[in-house]
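Student: What follows is the residue order along each chain.
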Amino acid sequence: MQPHFDALFAESVRSSPSLSPSSSSSSLSTHGATQAATQGGNYDEPPSKIDLRALDYVTDYDSHLMCPICHVPFLHPVVLECDHTFCNSCLKEYREGASSGARSRCPTCRAVLSSGPRKASRLIVNMCNETKVRCPNDDCQEVLPRGCVEHHATKECPHERLRCPDPKCDKLVKRRNHVPAQCIHISHIECDCGAVIELGKGEWLRHKDEDCPNTGVKCEECGQRISASDYPGHICNPDDDHSCPGKQYGCTDDFSPEDSEAHLKSCPLARLAPHLQKQSQLLQSLQEQLIMVKVRNEVLENGFEKIHDVLNDRVLPYVSHSDHSPAEASDIEEIERDHIPSALSQRDLLMPAHLGDLTPSADPDSLSISQTQQHLLALHESLRGNVSNIENNISTLTNTISDLDARTSMQIMNETLRIKEDLAHTSAALFSTRAQVQWLMNRERVGQQQQAMGIRGRAPSAQPPVSNQAPSARSSVSEGGDSSGQGQSLEGQPSASILGSSPSFRPQIRRQSGGSQERVKL
Amino acid sequence: MFTAKRLAKAKQKLPPGIELVKADDFREWQVDIQVLDDNPLYNNQVFRLSFIFSDNYPIESPEVTFINVPPSSDAAPSSSQSQPQTSQPPTPFPGRPIPIHPHIYSNGIICLDLLGTAGWSPVQSVESVCMSIQSMLTGNSKNERPQGDEQFCQSMGVRGPNGWSGWRSGGTGRGLKDVRFAYDDDTV
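Protein sequences appear in the order of chains C and B.
For the first sequence, the working numbering assigns the number 1 to the initial residue and increments by one for each residue that follows.
For the second sequence, the working numbering assigns the number 1001 to the initial residue and increments by one for each residue that follows.
Chain B on its own, in the form it takes in the complex (with noise of 0.2 Å):
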C-alpha cells in the first residue's frame, strides 16, 4: 500500500508552524499549528489538529477537525520530572483550545470545501491542508462561531471510537463526509 509510504515521506518535511504530535500508525494523527502572523485572536495560541486517514487516502480526502486538549494535561507529566533538575520553572502545558471562527464550529469541526469529497482532491497533502487552515485563520478578523452552533454541536454528539454519536450521524459512526455544508461564504 503506498498511502503508507506517502504519509512516512510526509514526516519529514514540515513547513514552519507545523508539528507533528502523534504519528504512531497510519490512522491517525495530531498536529499541532500555529498562526505565524500577529493575528490578535490567536496570537501566542497553539490548536491542535486531528487527521482521521481512511484506507483510501488520499483518494479520499482524510477527516481533518480540530481537537480540544485541556491545560496540563498531556504534557504536564514530563515537566513536573524535569522539575527538580532545571532551575527554571517549567512553562505549564497550555491546552490546545479550539480556535474561534466564523467556520469552525465548538466541536472542532470545520467547514471547509477542501475537506469535503466535492473539494478534495488527491494532490493535497497533510502538509498542503495545515497550510490551508494556517491561512484560514490568518485572514480571520471576526471573533464568533458559525450560526447555529448549539444546535449542530448538539447534533453531530461527541466523538468517540466509532465515529460521531449524535443523530446526525446516525449514531452509526459515519464519519464527517455525509455532513453537509454550504460552502457560501468566500470572504474568509
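Just chain C, same shape as in the assembly (with noise of 0.2 Å):
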C-alpha cells in the first residue's frame, strides 16, 4: 500500500517534510489526489487497492521487462522522449522527489525533456500483466497472472480480509465467513484452525474438543490424537486386539481382555478358527482358476468366431470364382455344408451347456471342465484341418486352370503362325504377277515408241521417254521387298537389248542386275 499513498501524497509530503506518509487522513488524500490531477503530460491510472510492485513474483521475467526504478515488470509504463520506460508511479514519485533541476531529466541517461511521458505500446503493457505472481492475501496460495490478481484479490479471493459489516466492531473477517450486514464477531468465534464457530449453542466447546485439529485429545498410550467425547472409550493399538479369532466365523461374545484366555478355550469357533481359515484360502484359489478357465474358453470362443470368419470371408469367393469346374466347387460347397454348421451347432448348443455347468459349483467338476476343453481343442483342431483342405483343393483348381489357361494359348499361338505364313506365300505370290505385268506393259510401250520413231526417222527425240524411265525403273527397284521377280524382268531387258543405246542408263540397271542376282542365288 505505501508506495501508492507515496505516489498520492509525495507532493504534500515534499511541502512538509516532517510528516510521513503513514499518518495519512482522508483530507491529505483528497488533495493529493486532485493535484495528481492537475499535473500536465502525466495520464492517470486506475487505483490500485494493492501494491502490485510489492508482489511476490513468482517467475522469472525478462530483464528488459524491468523498470529501472522499482526492478519490477513495468506497471502502467510510460516512454519518454529519449526512449527510456518507467512505471508511472516511478517516474511520478521520481519527478516528485527530484530537485528542480533533475525534474525535467530522464532518470537513466539525464537528457532533458521538453514534452511529458506517453503511455507504452499495449504490447509491453500486456506482456508484463502476464508476469506470475502469488496472491497477496495472507494463507492464500494462488498463483495468477498480474493483470488478474487485483481483481481476485479484492473481489473473490476467500482469504481476503473485508471490514466487519459492523461500524462498532473494527476486526477484520475473511471473505469466506463474511456475512452481509452482520457482525459475526458478537455471535461467532474464529479458530486458529480457521472454522468459524457460531457461539451460544456449546458449538465451540464440541469443536475444540472434537474438530478442531489443533486441540482435541492425545492419547497418552498410543499418541492418536482423538475428540474428547471418544476417550474415555476409547482403546489404544487396535491392532493387539483382544477379540476372538473366531469373530469373523460368527462368535459374537463380548469380552474383556481379562478374560480372553478363557474364552479362547471356551469358544469353539476360536478353535476352529485356523481350519476355517485354511478352508477360506483353498476357496479363494479355487476361484482363482475358475477365472483362468473362464478367460480360456473366452480365447477358445474367438477362436471358432475367426474360423467361421475364414470360411465365410475367403473359401465362399473361392467357391463362386471358380466356374470353370463346376464339379469341383461343388465338391467344396457340400464340405461346407458338412463341417460349418456341424461347427456352428457345437459351438452353440454345447458351449453354453458347460458353461452353465462350470459357473455355478466351480471345485467338483475342474476335471470335467479339462475334458470339454480337451474336446473343445480337438474341434477346433478339425476344424481347422477341414480349412487347410479346402484351402488346398482350392489351390489344386488354380492350378489346373492356368494350365488350361496355357494350352489354349499355345494352340491359338499355332493357329495364328500358320495364317501368318500363308498371308505371307500370297503377298509374294502378288507381287511377282505385278513385276510381270509392268514388264509386259514396259514391253508394248517400247514396241510402240520404236515404232513412232521409225515412223519419225533418227535419235535424238529417242532419249527423253528413256531417261523418264529410268527413274521409274529405279524407284520401283529400291522400294520393293521381294525385287527377285522385278529384277529378273530388268536383267532381261538388256540382254534383249532392242534398245542398248542410252549411255547414261546402262551403269545403273548393271548395278541392279547385280544386286538381283544374288538376291535371286539366295
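Among the clues, some could well be false.
[As the list claims (entries may be wrong)] Listed next, the in silico EDC-like pairs over lysine to aspartate or glutamate satisfying Cα-Cα at most 16 Å (straight line):
(1) LYS1009/B with ASP60/C
(2) LYS1009/B with ASP56/C
(3) LYS1013/B with ASP60/C
(4) LYS174/C with GLU156/C
(5) LYS306/C with GLU381/C
(6) LYS1009/B with GLU81/C
(7) LYS132/C with ASP56/C
(8) LYS1009/B with ASP1113/B
(9) LYS132/C with GLU150/C
(10) LYS1142/B with GLU1127/B
[Said to hold, decoys possible] Chain C residues, not near chain B, derived (Cβ > 10 Å throughout):
(11) VAL72
(12) PRO107
(13) LEU367
(14) GLN450
It is worth saying that the hints were derived from the structure and are not from the lab.
Cβ atoms here follow ideal geometry from the backbone N, Cα and C, with glycine treated the same way.
Could you fit the two chains together into a complex? Lean on the hints.
Tutor: The following block contains the structure:
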C-alpha cells in the first residue's frame, strides 16, 4: 500500500517533510489526488487497492521488462522522449522527489525532456501484466497473472480480509466467513484452525474437543489424537486386539481383555478358526482357477469365431469364382455344408451347456472342465484341418485352370502362325504377278515407241522417254521388299537389248542387275 | 514496500570484486570492494563501504561512506577458533582502511556527484554505486587526501547512531545530503 500512498501524497509530503506518508488522513488524500490530476502530461492510472510492485513474483521475468527504478515488470509503463520506459508511478515519484533541475530530465540518461511522457505500447503492457504473481492475501496460495491478481485479491479471494459490516466493530473478517450486514464477531468466534463457530450453542466447546485438529485430546498410550468425547471408551492399539479369533466366523461374544484366555478355551469357533481360515484360502485359490478357465474359454470362442469368419470371407468367394470346373466347386460346397454348420451347432449348443456347468459350482467339476476343454480344442483342430484341406483343393483348382489357359493360348499361337505364313505366300505371289504385268506393259510401250521412231526418223527425240523410264525403274527396285521377280525382269531388258543405246542409263541397270542376281541365288 | 523487494533482489548477483558483508535489514548494508586492476595505490587492499538506505530509496540516494575497521577485530574470533584444526596459519584479518583518494575524506565521506541529491538517479543501485566507486579508485593516481581534510573531518565529527555529530551537520544527526560539495574536479 505504501508506495501508492506515496504517489498520491508525495506532493504534500515534500512541502512538509516532517509529515510521514503513513500518517495519512482523508483530507490529505483528496488534496493529493487533485494535485495529481492537475499535473500536465501525465495520464492517471486506475487506482489500485493493492501494491502490485510489492507482490511476490513467482517466475523469473525478462530483465528488459523491468522498470529500472522499482525493478519489477513495468506497471502502467510510460515512455519518455529519449525512449526510456518507466512505471508511471515510479516516474511520478522520481519527479516529486527530485530537485527542480533534475525533474525535467530522464532518470536513466539525464536527457532534458521538453514534453511529457506518453503511454507505452500495449504489447509491453500486456507482456508485463502476464508475469505470474502470488496472491498477496495471507493464507492464499493462488498464483495468477499480474493483470488478474487485483480482481482476484479484492473481489474473489476467500482469504481476503474485509472490514466487519458492523461499524462499531473494527475487526477484520475473511471473505469466506463474511456475512452481509452482520457482525459475526458478536455471535461467532474464529478458531485458529480457520473454522468459524457460532457461540452460545455449546458448539465452540464441541469444536475444541472434537473437530479442531489443533486441539482435541491426545491418547497417552498410543499417541493418537482423538476427540475428547471418545476418550473414555478409547482403546489403544487396535492391532493388538483381544477379540476372539473366531469373530469373523460368527462368534458374537463380547468379553473384556482379561477374560480373553478363558474365552479362547471355551469358544468352539475360536478353535475352528485355523481350519476355517485354510478352507477360505482354498476357496479363494479355486475361484482364481475358475477365472482362468473362463478366460481360456473366451479365447477358444474367439478362435471359433475367427474360423467361421475365415470360411465366410475366404472360402466362399473362391467357390463362387471357380466357375470353370463346376464339379470341384460343388465339392467344396459340400464340404462346407458338412462341416461349418456342425461347428456352429456345437458351439451354439454345447458351449453354453458347459459354461452352465462351470459357473455355479466350480470345485468338483474341474475334471470335466478340462475334458470339455480338450474336446473343444480337438474340434478346433479338426475345423482347422478342414479349412486347410479346402485351401489345398482351391490351390489345385487354380493350378489346373492356369494349365488350361496355357494350352489354349498355345493353340491360338499355332493357328495364327500358320495364317501368317499363308499371308506371306500370297503377298509374294501378288508381287511377282505385278512385276510381270509391269514388264509386259513396258515392252509393249517400247515397241510402240520404236514404231513411232521408225515413222518419224532418227535418234534425238528417242532419249527423253528412256531417261524418263530410268528413275521409274530405279524407284520400283528400291521400293520392293522382294525384288527377285523384278530384277529378273530388269535383267531381261538389256539381254534382250532392243534398245541398248543410252549411256547414262546402262551402269545403273548393271549395278541393279548384279544385286538382283545375288538375291536370286539366295 | 517494494524497496525491500528491490534490495533483496540485488543480493542475488554481484559483479567481481564486490562482496556483501552485512545485509541483515534494509537499513544498512556493508559491502567489501576491491580494485581489480593493479593500481599500485590500492593493490591487494579491501575497503568496506557502508550503505544507509532511507525510506524513500531508490527515489532518494543512499548514504554511502567508507568505514574503517581496525585489523583483526571483526573476523579474528572465527579465525582463532579454526586455528587448532587447520595446519595452515590463519591469515589475520587485515582490517579495512579508508582508501587515500583526492575525493575521499579520512573519515570515509566520499565526494561523488552520483551520491548527492542532484546527481542521484533512482536508476542507480547498490551494484552500480559500487562499480562507480571501484572505477573511481581505479582511475586515481594521486596519493593524497582532499584539500581541507582535517577541517572537514573536525566539522563533521563522528558518526553515531544519530548521524554525524559535528557542527556542520548541526549535531542533529542530519545526513550527508545537507553537506554541500563542489563537484569541480572532472579529472578523477
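Student: Which numbered hints are broken by the structure, listed smallest first?
Tutor: The structure conflicts with hints 6, 8, 10, 11 and 12, although it agrees with all the remaining ones.
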